[in-house]
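Number of protein chains: 2
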Amino acid sequence: MPEFLNLLPPDESLDKLLRNLPDPQPATETIDTASALGRITATDLRAPHALPEFERSTVDGFAVKAADTFGASDSLPAYLTLIGECPMGAIPDLEIQATQTAIIHTGGMLPPGADAVVMLEYTQTLHHEGHGEHKEKRNKNSVDSVLSVVNPEIEILRAVADGENVILIGEDVAKDALIKTKGSLIRPAEVGGLMALGFTQVEVVHPPKIGIISSGDEVVPPEKRPQPGQVRDINSYTLASLVSKSGGEAVIYGIVADSLDAMKSAISRALDECEMVLITAGSSASARDMTAAAIDELGEPGVLVHGVNTRPGKPTILGVCNGKAVIGLPGNPVSALVNGTVFVAPLIRRLLGQSTTELRPSVSAKLTVNLSSSAGREDWISIKLIPSPVGGRGAGGEGKYLAEPIFGKSNLIFTLVAADGLLKIPPDATGLSVGEIVDVILI
Amino acid sequence: MPEFLNLLPPDESLDKLLRNLPDPQPATETIDTASALGRITATDLRAPHALPEFERSTVDGFAVKAADTFGASDSLPAYLTLIGECPMGAIPDLEIQATQTAIIHTGGMLPPGADAVVMLEYTQTLHHEGHGEHKEKRNKNSVDSVLSVVNPEIEILRAVADGENVILIGEDVAKDALIKTKGSLIRPAEVGGLMALGFTQVEVVHPPKIGIISSGDEVVPPEKRPQPGQVRDINSYTLASLVSKSGGEAVIYGIVADSLDAMKSAISRALDECEMVLITAGSSASARDMTAAAIDELGEPGVLVHGVNTRPGKPTILGVCNGKAVIGLPGNPVSALVNGTVFVAPLIRRLLGQSTTELRPSVSAKLTVNLSSSAGREDWISIKLIPSPVGGRGAGGEGKYLAEPIFGKSNLIFTLVAADGLLKIPPDATGLSVGEIVDVILI
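Going down the list, the protein sequences come from chains A and B. Counting with UniProt numbering, you get residues 1 to 443 for the letters of the first sequence. Counting with UniProt numbering, you get residues 1 to 443 for the letters of the second sequence.
Keep in mind the hints are simulated off the structure, nothing from the lab. This list has only true hints and no planted wrong ones.
Beta-carbon label-pair distances, calculated as ranges:
{"#": "1", "chain 1": "B", "residue 1": "Asp162", "chain 2": "A", "residue 2": "Gln25", "range": "55 to 61 Å"}
{"#": "2", "chain 1": "B", "residue 1": "Pro389", "chain 2": "A", "residue 2": "Thr430", "range": "24 to 30 Å"}
{"#": "3", "chain 1": "A", "residue 1": "Ala27", "chain 2": "B", "residue 2": "Glu300", "range": "50 to 56 Å"}
{"#": "4", "chain 1": "B", "residue 1": "Ser388", "chain 2": "A", "residue 2": "Gly84", "range": "50 to 56 Å"}
{"#": "5", "chain 1": "A", "residue 1": "Gly323", "chain 2": "B", "residue 2": "Pro9", "range": "52 to 58 Å"}
Computed list of lysine-lysine pairs in DSS-like fashion (alpha-carbon distance at most 27 Å, straight line):
{"#": "6", "chain 1": "B", "residue 1": "Lys314", "chain 2": "B", "residue 2": "Lys209"}
{"#": "7", "chain 1": "A", "residue 1": "Lys400", "chain 2": "B", "residue 2": "Lys400"}
{"#": "8", "chain 1": "A", "residue 1": "Lys400", "chain 2": "A", "residue 2": "Lys384"}
{"#": "9", "chain 1": "A", "residue 1": "Lys175", "chain 2": "B", "residue 2": "Lys409"}
Idealized CB from N, CA, C, for every residue including glycine.
Working from the sequences, and respecting the hints, build out all of it.
So, in structure tokens, the structure goes:
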């Protein structure tokens, strides 16, 4: 189209936008760590103490001085005297002297004098009962069998090194170590790590408010029965879902009439109340031009990018009004959702102060057809994943799924409802070949 | 270890468990579609009406009878008479007769008599003003320029086929079509599809309650300062996070003493109140045996799998008590979280009635080292993803990240905190090679 010349691809368009945004100053709040899943840390976190704070056994077995086991083997065991059992959850009230040992359980605290643990299955017990000697030949040594005999001698059948089968003090994390930088996503593992160190509360970033404005004289709220010529508002809700999925808080401003004044007034209110504003413009060229005019009039520097070299989504508008991003998305629901994924998610990450690049969850699959694309343009294809009849090949997962494009006009929301994900054909490619292994980004 | 002979790999273990579970009868609730992101549909959903309900233009241009454009080209345009403009959001009050046309905007309703739309850029306008004729040669035809002239004739420079640039009635979705089966995940696209059809509320599955019990005499609540020999409870919170991420509702029962009676009483209460019970057993063999005994005594058929051929996580126990799954996970936090991911997420999907196989979000990456593994055993390796210095290759994403294993004892929670994901080495592989492209499952 003549109105879109020399368009930048999405990555460069986004970079241009980011260069015009100030560093985010996210608001923070302190919440229970138990409810912090999916939130973003607001501060660097350091370990208040070492983890563990005492030497722990990683196996069920016998606490020993490693030196006492040197050279031990099946044919030439080391003989140690059992002096007791280490309790769980308390300091052992015994001390291992040379040629002594004590029973220890997984997770138990190593007794003073011990520096290693021999696994139960590499030990045997000598029973001195009555006259004569009964030897349990390589039977499984169990805690019960060991404790049921008087003053047993333990046969050690394997040598252990100093520290073997032991977690050392601070081996999980050292005191004062930086455990998470500011801007980290709290996943189940982080919840566990924080709890392990006693952080039952954590300071996190407040979800940034993202204003959402729909426009179009043909658009009515979803609860209304559309008259001929009218359609229900989809974009307010798909974008709100996307905002929520990305860690933001959606503020829906409803449907604004196709007039410059109404548009300016709605955007202006949203800019006051939110950190970023999304507008799904009416679909026509004149509606888009009006959106761009409103952005230009509401703050500096205004529109930075008008039209992006991508399909769907070419008519996307990226602007900044006085430090806040304002994004005009195409009115058609597929374009709005696809370009929301491309542009909105990274901008919310930035507002949250997220420190790492986004790992886009995807699934590897084998493409079922040839796909062509214009050089310079980034294409996003809706994909249905089909379990492969051949089955998976292994760790790579290649061939576990077939990637079957869903063709259809780009404005049909049910092509996305039917899709499992999106396939990106980057600007420098002119297509993809049947049989190629591709990453399908889950939606 | 002698106590674990002939172990099944995780997939077969899970299958054995699933065969012993009755079909789930999930409770349902009706909620606002706007808040339904991430929930699971409880019923099949059919379209109450076609979408769209009227023929819509997909472009800005001129509504025509396609037959009037046949053979039209730059050198031999078709000449049509402009009779007006189609309004947005209403039925056009004009009818296209032969050789007539009307302006139409993207998303507008096709006027009676028209069956196709010619894009604005493939048209020119003849201005009959005063004497003589002024022809705008291939200038962009804009709505304003067209409307500013009196009784203009439109030159059509391209032929269109019947239905071209038009979304037909029911082309997005037909009346009564099955739009989503029961058991479907509601993503942003589904929120949009539901709203498009006027479903402002939707019946979804109630999150199943999953009881979580920790045990171990050495374990104290996270808010307590551990004494020597004690550690804080991590597993209750990592598993609760995992449950919540998987769509369940976690019910934490706290830390239970290492005694059969205490364990039985806690599991029994959780079985009464929840759909599934997770227990992180004390780490020692005797604590695991006690958990198994408790499961066996509390219902039929009791323990089905005691020990799984996986690392970490071998001591995992899978059981069923009177129709409800009871899972004993190893006490060490990495095993508990990894095996929670392997076993708990699929079981919650089942309780939710999810109809499709799980698409595990992952990222393709190039392995930085050789990894060996025992045949028959499934290994899960913690992986740090590192942006590749070479950069991405394109659509497949191969080489965009390097997959660097994090080595460390399997009980260090901070190996998972440092990891981006997990790499599975399947039972039939004996290892993976440096440079191989692998799927790293995001955690």
